[in-house]
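Colleague: Make a model of the complete structure from these sequences and hints.
From first to last, the protein sequence lines stand for chains A, B and C.
Under my numbering, the letters of the first sequence match residues 1 to 289, in that order.
Under my numbering, the letters of the second sequence match residues 1 to 410, in that order.
Under my numbering, the letters of the third sequence match residues 1 to 341, in that order.
In case anyone wonders, no lab produced these hints; they're calculated from the structure.
Accuracy of the hints is not assured; some may be wrong.
Said to hold, decoys possible - Listed next, the in silico SDA-like pairs over lysine to any residue satisfying Cα-Cα at most 25 angstroms (straight line):
#1 B:Lys105 x C:Glu207
#2 C:Lys49 x B:Gly129
#3 B:Lys105 x B:Val75
#4 B:Lys193 x A:Ala257
#5 B:Lys273 x A:Ala129
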Amino acid sequence: MSQFTQQVILGLLLGGVYVAVALGFSLVWGILNIVNLAHGAFVVIGAYLTWTLFAHLHLDPFLSLPIDAVALFVIGYALQRGVINRVIRAPVLFTFLLTFGLNLIIVSVLLVIFTGDFRSVTPGYSGRALQLGSISIPYIRVAGLAVAFALAAILWLILNRTRIGAAILAVGADRDAAQLVGVDLRHAYALTFAIGAAFAGVAGGIISTFQSITPTAGDPYTLQAFAVVILGGLGRVSATVAGGLLFGLIEVLAQSAPGLGSGYANAIAFAVLVIVLVVRPQGLLGRLA
Amino acid sequence: MRGEKVAGVLAAAALSLAACGTGNSGSSSKGDPIIFGAAVSLTGAQSKEGGLTKQGYDLWLDWINQQGGIVVNNVKHPVQIKYEDDQSNPNLSATLVQKLITDEKSQFILGPYGSAASATDAVVAEKNGIPMVEANGAAQSIFSHGYRYTFGVLSPAFKYLTGVLDMAATLSPKPATIAILSANDSFSVEVAKAIEDYAPTKGMQVVFNKQYPAAAPDVSGLVSQAKASNPDIVMNSGHLAEAIAINKAAKQLSLNAKIFAYSVGPSTPDFIKALGGDADYVYDGSQWTPQVKYQPSFYLSVSDYSKAYEKKYSSSEPPDYHVAESTAACLAFQKALENAGSLDPTKVRDALVKLDVMTFFGQLKFDDRGINIYKPMVVEQIQKGVHYTVFPPDVANGRPQYPTPAWSSR
Amino acid sequence: MIARVRTMPLTWRRTAMAVIAIALAVVLLAPLTSTDVAQQAGLPLITDKLWFRIATTVAMFVTLASAWNIIGGLTGYASFGNVAFFGLGAYGTGVLVSSLRVPFAIALFAAPLTAAAFALLVGIPLLRLRGHYFAVATLGVGVAVGEVVNNVGALGASNGLFPPIIRSDLLFFYLMLGAAAIAVLSTRIILKSRFGYGLLAIRENEEAAGVIGVNTTFYKVSAFVIAAALTGLAGGIFAQWNSFINQENVFPVTYNVEMILMAVLGGAGTLLGPVAGAIVLELIIQTLAGGGSASVYSQIGLGVLLAVCVIFIPRGVIDFFGGRSRLSLRYLRSTLRETSA
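Modeller: Okay, here's the thing in structure tokens:
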């Protein structure tokens with residue numbers, strides 16, 4: 001029983017990471033209708049920033065998260081304004097292909113700068129854990145989960161309590177109407193994309209504390225963000241949070257499949273995803289568009 | 001710092017003396033260059049390992065050309081290596097090997113990194129009748145299909161962690177239970193299977209054996225399951241990224257085993273850099289270490305090899321075994337060409353079949369499938385951030401620190 | 001530009017057609033110079049093993065892009081999981097020739113059948129989804145199938161399968177070319193048929209298509225199954241040609257993106273767009289990949305090229321054969337005007 005509890009806790013902790021990764025992805029997809037294939041690359045940029053600050057300036061990884069956010073915000077804003085905006089209203093496939101190209105460029109540039117070496121951020125407290133009987137809860141992973149929840153709260157506040165958020169939501173609902181009531185479309189687009197990138201950067205910072213980073217490490221995270229958004233449903237912060245936690249749980253529990261069945265963990269996770277899609281296309285908590 | 005420089009200069013001087021020595025001895029004339037081709041991963045997921053492979057090839061290339069080249073039938077042929085980047089994509093690797101053979105006129109192929117690319121390239125080599133010596137695909141499955149032109153210098157997968165069990169059997173108190181976490185790629189599965197088969201013969205029992213998808217995002221769930229089985233030995237057959245992640249998770253979840261042994265990862269500097277003090281006490285099965293005591297019949301001695309590496313790549317770290325095994329592939333070709341006395345691919349292939357030579361990397365000799373089962377693997381342990389070879393005792397320069405203390409008391 | 005294309009002088013079109021016909025004839029006949037008969041007759045050797053390798057790869061991608069076009073371009077269902085069909089086709093043939101020693105000539109038929117059967121099975125539930133949801137569901141299926149195959153012992157699990165080597169370059173080139181021809185011909189037949197009009201109707205407005213009497217489920221699933229069979233056929237040929245298949249090899253997620261890229265850049269929904277897209281893009285990829293050790297820069301180049309293509313010639317590299325694409329330049333121009341206003 002305690003073994004099961006331990007698995008559930010680890011699943012939720014992993015899920016927290018997925019929440020952080022998927023929030024920005026979901027925002028950009030929901031508002032701009034862009035499936036950003038470079039999202040994982042943004043995550044990796046954030047991870048490398050945290051690593052660089054940790055390795056050279058001994059900055060605590062959690063203190064570097066705001067720096068990741070600002071840097072990625074700037075990158076995201078510039079990319080949207082300069083490049084992606086040009087095909088923002090073209091069919092979905094075009095933004096798909098464009099961001100695929102951007103991903104290729106970012107990964108290659110990262111490879112030139114950082115080489116293919118495996119980097120990892122291991123602060124002194126990395127191995128500590130809260131012991132509850134036979135159950136261990138690693139502090140650093142709990143901190144990651146807390147950051148993920150904080151991100152979700154920030155996003156909710158931005159969207160529901162600020163003028164910028166109102167503009168962004170208006171754009172998501174009806175672009176033309178938003179423009180009519182005086183929303184600067186290009187600015188609103190770029191802000192949305194920038195916020196999405198900033199969140200990806202923070203997620204990358206968290207990830208660097210428990211995963212090894214390489215320039216190509218981002219692609220799985222794009223795929224997982226995809227899965228989380230589908231699982232939870234598009235269009236609500238709470239849906240992304242639920243989807244992320246659930247996906248983490250599924251992955252970890254699938255690893256407990258008996259015998260060598262754990263090798264099927266990925267297959268199980270994606271099979272669940274497909275089943276959810278077929279049975280409930282709007283996701284578990286999503287609204288139908 | 002200064003000491004290192006002086007050592008470097010001395011090594012360089014020694015090298016150039018050696019070069020002069022052999023350079024003057026032969027009265028051979030100068031022939032056309034011999035062209036080797038290699039499609040290694042310089043970008044993509046395996047760019048790190050691909051880069052190490054290229055370093056190993058280049059190290060030999062510099063040396064052989066300092067000697068004036070390979071002596072074939074009393075003619076000295078300088079050597080060129082043409083590189084292509086397979087972007088860690090095995091399907092691309094096949095096309096590039098064909099390009100190396102057709103366009104770049106490569107006469108011989110040096111292998112890529114990884115078992116999938118090696119298998120794909122083996123087929124191309126076979127179809128072209130061009131010998132390929134590979135140094136980085138340890139899965140045996142490649143060699144059980146009667147391919148005639150593919151040879152592997154490295155010890156096959158099943159040897160990776162069985163050495164650790166041999167060592168464990170000599171320790172006291174003797175560990176009795178094993179947990180295996182293995183990636184589900186061909187190489188890692190072969191490693192895990194070998195442990196399972198071998199453990200009972202050493203009086204040990206595998207109490208936990210699970211696979212995870214290659215490049216799993218998070219292994220802490222598996223680590224906590226392994227902890228529940230309370231093993232004396234924790235083994236991972238996988239890759240560097242997972243070795244780091246498993247070690248971190250083991251500490252976080254206070255999985256205290258007497259031995260932590262990982263197939264791939266701990267031998268690289270990245271592992272120690274990533275984990276710091278937590279990397280201590282970790283064992284790995286290694287194809288080669290800079291401490292091994294082989295008496296080579298040609299090329300550099302083990303210590304000169306390390307020096308040459310540190311000089312060429314301005315590295316403070318000795319070469320990783322990926323580098324050494326790649327160099328060994330070149331040595332196999334060099335000796336086979338010398339023995340064949342011909343550049344004809346079939347004759348060189350026949351010479352590879354008969355090859356039996358001692359190098360800094362160990363014995364190079366192939367069984368009838370083309371696998372080098374004759375070279376032993378060694379067991380390394382990280383002690384205070386430094387690699388020590390701890391088994392087998394006749395090549396070791398350190399003793400195993402056993403048992404690994406509990407995480408809470410480190 | 002569209003206007004110019006439509007009024008392009010007939011002579012120009014004829015010349016273009018003639019050039020293409022000659023190029024096609026050269027590609028078709030050149031390989032024959034490698035046969036012993038031709039060599040003994042003293043004909044010049046135009047093709048070498050590398051030529052075959054690349055030409056066969058290009059033909060393979062023509063097949064994949066054209067097959068994707070049937071479901072993605074004509075029907076408007078952007079599948080991101082077609083690689084599952086490729087892989088299943090490869091394994092269908094692969095397991096027969098390597099484990100059961102069935103002759104390749106017979107085993108090849110298993111490839112399209114395996115893929116089509118699977119498409120029928122998953123197509124009925126999946127094709128109820130639309131847009132992104134369909135895309136993600138197919139992507140998930142693609143990943144899941146690859147992962148399952150990698151764990152099944154009878155399929156070689158992680159070791160993969162090793163079909164015995166067949167040494168004829170000519171055979172695999174013509175087989176793959178045949179697959180490509182079948183794919184293009186099928187598209188042509190579909191485009192000219194009632195079935196094709198039904199698919200286009202579904203793409204433009206599925207509800208309306210249903211109202212005017214198109215059995216949308218049957219049409220969509222049929223298109224999906226046809227695309228799967230063609231993709232699977234290419235996979236089956238690949239298995240024998242490459243003589244080694246495993247998950248990494250025949251279920252690469254990048255193939256999904258590549259085949260879509262080719263179809264869309266060439267002109268999705270057109271007959272020859274995917275063909276042109278596959279030829280041009282695959283040749284570019286192969287050329288850039290052959291850049292020796294500087295290829296990290298060539299990958300940056302590929303990314304830039306992609307971005308430039310998407311932004312400036314979204315309608316595809318050839319737009320004067322079809323005109324059926326709804327992804328029109330005019331559409332994009334107006335978009336650009338709106339967004340940059």
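Colleague: Under the criterion that the straight-line Cα-Cα distance not exceed 25 angstroms, is the pair lysine 273 (chain B), alanine 129 (chain A) satisfied?
Modeller: It holds: about 22 angstroms lies between the C-alpha atoms, which stays within 25 angstroms.
Colleague: Is lysine 105 (chain B) within 25 angstroms of glutamate 207 (chain C), Cα to Cα?
Modeller: Distance of about 60 angstroms is beyond 25 angstroms: violated.
Colleague: Verify the proposed pairing of lysine 49 (chain C) with glycine 129 (chain B), using a straight-line Cα cut of 25 angstroms.
Modeller: holds (12 angstroms)
Colleague: Decide if the proposed pair is consistent with the structure: lysine 193 (chain B) and alanine 257 (chain A), CA atoms, cutoff 25 angstroms inclusive.
Modeller: holds (19 angstroms)
Colleague: Take the C-alpha atoms of lysine 105 (chain B) and valine 75 (chain B), compute the straight-line distance between them, and say whether it is at most 25 angstroms.
Modeller: holds (20 angstroms)
Hint check: a violation occurs at hint 1 only; the rest are consistent with the structure.
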